[in-house]
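One line per chain: the protein sequences are H and A, in this order. In this text, residue positions in the first sequence follow the working numbering: the first is 42, and each later residue adds one. In this text, residue positions in the second sequence follow the working numbering: the first is 42, and each later residue adds one.
Calculated from the structure, these hints are not laboratory results. There may be inaccurate statements among the hints.
Just so you know, same-sequence chains aren't split out, so a pair can sit in one copy or run between any two.
Unchecked claim - Calculated cross-link-like contacts (lysine-lysine; reagent style BS3-like; alpha-carbon spacing at most 27 angstroms):
no.	residue 1	residue 2
1	K592	K537
2	K570	K592
3	K570	K431
4	K431	K592
5	K537	K609
From a predicted model like this one, the values you see are computed outputs, not experimental measurements.
As a plain string of letters, each chain reads:
Protein chains: 2
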Amino acid sequence: MKQKRQLLPIMDWGRSYDRDKLVADLLASLIVMIMLIPQSLAYALVAGLPPEMGLYASILPLMIYTFFGSSRVLSVGPVAVLSLMTAAALGGLQLADSAEYFAAALTLAFLSGAFLLILGLLRMGFLANFMSHPVVTGFITASGVIIVLSQVQHLLGTSSHGYTLLELFPSLFASLSQINVSTAVLGGVTLLWLFWSRMGMPGMLRSFGVSDAQALLLTRMSPVLAVIVTSAVVWYFELQSSGVATVGQVPSGLPPLTMPSFSLELWQSLAGSAALLATIGFVESVSVAQGLAARRRERIDPDQELIGLGASNLAASFSGGFPVAGGFSRSVVNFDAGAATPAAGFFAAILIAVVTLLFVPWLAWLPKATLAATIIAAVWSLLDFSIIGKAWRYSMADFLAVSTTIVLTLFAGVEIGVAAGILVSLVVHLYKTSRPHVAIVGELPGTEHFRNVNRHKVETHETILSIRIDESLYFANTRYLEDMIYGMVAEQPNLKHVILMCTAVNEVDMSAMESILEINTRLSELGIKLHLSEVKGPVMDGLVRADFLSKLSGNVYLSQHHAVEALK
Amino acid sequence: MKQKRQLLPIMDWGRSYDRDKLVADLLASLIVMIMLIPQSLAYALVAGLPPEMGLYASILPLMIYTFFGSSRVLSVGPVAVLSLMTAAALGGLQLADSAEYFAAALTLAFLSGAFLLILGLLRMGFLANFMSHPVVTGFITASGVIIVLSQVQHLLGTSSHGYTLLELFPSLFASLSQINVSTAVLGGVTLLWLFWSRMGMPGMLRSFGVSDAQALLLTRMSPVLAVIVTSAVVWYFELQSSGVATVGQVPSGLPPLTMPSFSLELWQSLAGSAALLATIGFVESVSVAQGLAARRRERIDPDQELIGLGASNLAASFSGGFPVAGGFSRSVVNFDAGAATPAAGFFAAILIAVVTLLFVPWLAWLPKATLAATIIAAVWSLLDFSIIGKAWRYSMADFLAVSTTIVLTLFAGVEIGVAAGILVSLVVHLYKTSRPHVAIVGELPGTEHFRNVNRHKVETHETILSIRIDESLYFANTRYLEDMIYGMVAEQPNLKHVILMCTAVNEVDMSAMESILEINTRLSELGIKLHLSEVKGPVMDGLVRADFLSKLSGNVYLSQHHAVEALK
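The following block holds chain H by itself, in its conformation from the complex:
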């Protein structure tokens, strides 16, 4: 069913590349570039790194992804959540100076990339499945709150620190007296402009007769406009002298060749963070890529995505960047702009490189408040608190996983939050399967259908106990099963036969098989035979191999109906 996998997906789409696709890709790349520049600068700020590193992280990684990634439209570069996680991971180290901090960022990208690449080569893409959708949504929402709060300082010209509510709130309140009015006005106006351009502007433009597509394009350009206008304002009014913080002088030119650190000590302290960061980046990228691929009836290959993202992060570590992933908004923009192939990403990277080469000196006047406003507007759309209510209504298990993730991310930090979210959802799942639903069933009159005696009016027999086990039998629930069965048997004095109806038993592992044999022995002592019905093929194969059937006191029936007919 699956087509043969290529290590270089470019060999699939490259062959049929033509002029139509080139035009589509070039147009998309231009729109993406316009959006990426302010975002890249801003996310570097979130990560606590100099803004040009955001540009660097958007050039080579994006190019490399186009060769190795399996998604046609995923746009790879700095993303909000990973930038926050980078800041949190590096903030936890005792680093001597900013040079060490940059080196640690490169190393984090290197370790994440290596981790992803190795998982990809081992074809372990399925691991992403263990992050449930509610946990990811909860995590992104909570991280978004932290990111927004961490940017308020730049918006107001004050200073705060920390990566949890417990650190951010007190330090924000303490610094309120230091508000710089020029910065706050500039930042506030920019933020209002960005929100209005998303919410109010498209409607207004349409009422002026502008087409939808053009309105959308103008909306997307609003951050770039904000960057240009606010820089010009700072330059013209010399606002730096009234305390407006700007990006300042940054080195011009293409991304430098950099090397991650190979200090074993640094590796040890970053390994855990790198693994978590890579996992989150991968899961987010795959979700975005899969959602977009489905809309075009394309498929993506999670193992190939691991390789693509791994290579991108390695590229980031050697070209002055920091951890990258496929971003949601940038990929959607790329998709909507009509990108036909990954070449669109490649062209966007070239355009960003040109901008980096030519316009970097202008960043000297770009106020940090503008970048903070850009971040807040971008992250705002990621916040989805409705997940809490949805999960609450759906099930205790989902609610527990989501609320743990959100609360711990907000109050204990991003790494603890996401790790706890994964752990809680797995433990809750295991806990549920360790105490399976077990029902006594009877036959619906006039059918061959057996349902729960407590939910349906069904026929039962005094000498036969039919038990349906609603779970695979494995080591975690064998003891519970024994308890349940002995309890049910004790309540029926005239019992001659117990039938375990195995429609829902998808697996019987060795512990469970031994446990059933023990139940069999104890029931035999009481003069009761144990039978099985509706055993699935794969389960039966295992039981036959273990010579289980010769030890069973009763029989195995193809259907529960046959079993009851034969035994009643």
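Following the hints, put chain A in place on chain H, whose structure we already have.
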């Protein structure tokens, strides 16, 4: 169904205590005491502690368990595997002298006890279910091998060190030149005597007309006989001067009052070991207690066992002991000897205290080789390599868990071995559920029964695709499910209806529900309706709460037969 739980189970059995039970308990306690003394001394040696600590660990912990434990026959004290784990945990620390080593042993017992007690009060006994039977058997077997090898030095009078094959083998071979002939002869003869008394003696005694019960009693006394005779030999021939190592002078008297260390640093370095050790001790104890309880139609309560074992370990830490658990052989002896209530354990503890008070000076002449032989003979019966073959024949998953446990325990150490065993069995289980078995089904002619089209001759319809999913649907397998269904649908061009047969779907979590809705949307675009059949009550309740049914393009049918009848 469950009787009301008492925090002190003694209030259940204490009320009906009478003279018959007293006699039975006193007799059992005498036999257990005779067995426990050499074992307790020997396991202290395994743990790298002075022998009297083995006796101390068999007094107060055993008494305390009789008040708090739920098993009537479990005999608590030093056990082989925990002694090895204690040695491995303490050997990993950089301890200055033997006084620090003893303090660390007390602290390990304290932390294990606290861990068990807390889990018990939180009613987390179900956690023990996550250690599968094959993993426990594999772990005990591999630990047994390490214990046997670690005792060879005492048997030969040489010296070796380490807790893995990689450390033990080289150091054993290097020390072969130092063999002390007197020690080796004494040790060899004792070992032969112990093996013969188990295998050959009972038959010989019976052929002399000794009754089975008496033969068994004599067999059980053989280690005590070995202790007495070899001590006498050493004393008479003054073998200490020819290099036979003995236990030496130990302080006489009752267990001292001791205090664990409350150093936070020590706690941090021992916490992981304590948790693993407590888990193993608990799982082993519960297995033994449950097996014996079943033979008398009694039940044990895992949460109460946690409290009983927790209290015992705390008692060990305050009375000069080290981590304890319910041992297999000693409990079986207690059971076979006819112990009627936990009072038998209490009496045994008093007898051991008396022996400690009176006979400790005699230990000066007890050769370590005798203790080593006792350990080897006792541990030998725990070795069960057949588990590897059984698991291999049964399933790849079980084999992987067992072989990982055994190999890592032998080559990387006990803690890594058991942790990896638990982890591998969980990961393998999750991996399996993340790629469920999915079958296309059809109706068996003349029945209302649906089976796999590949395994049975069944009726199908061109416009209807019936898919049976053999797994609960949860976050880990939703992506896989989408893949499978889209693949199957793509192969049937005339399709109008897809029915998901949910007999084996025991849970649909929020991620899975969202995923089914996405499948529903995509099939609708292709003009195909999605239906469900045989949805279980608890699953249906969740779907109704989430307003799932109004979004589904098709219907939910009570049975697959009804669904096909309605749609064909």
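| message | Tell me the hint numbers this structure goes against, listed in increasing order. | response | Every hint satisfied by this model.
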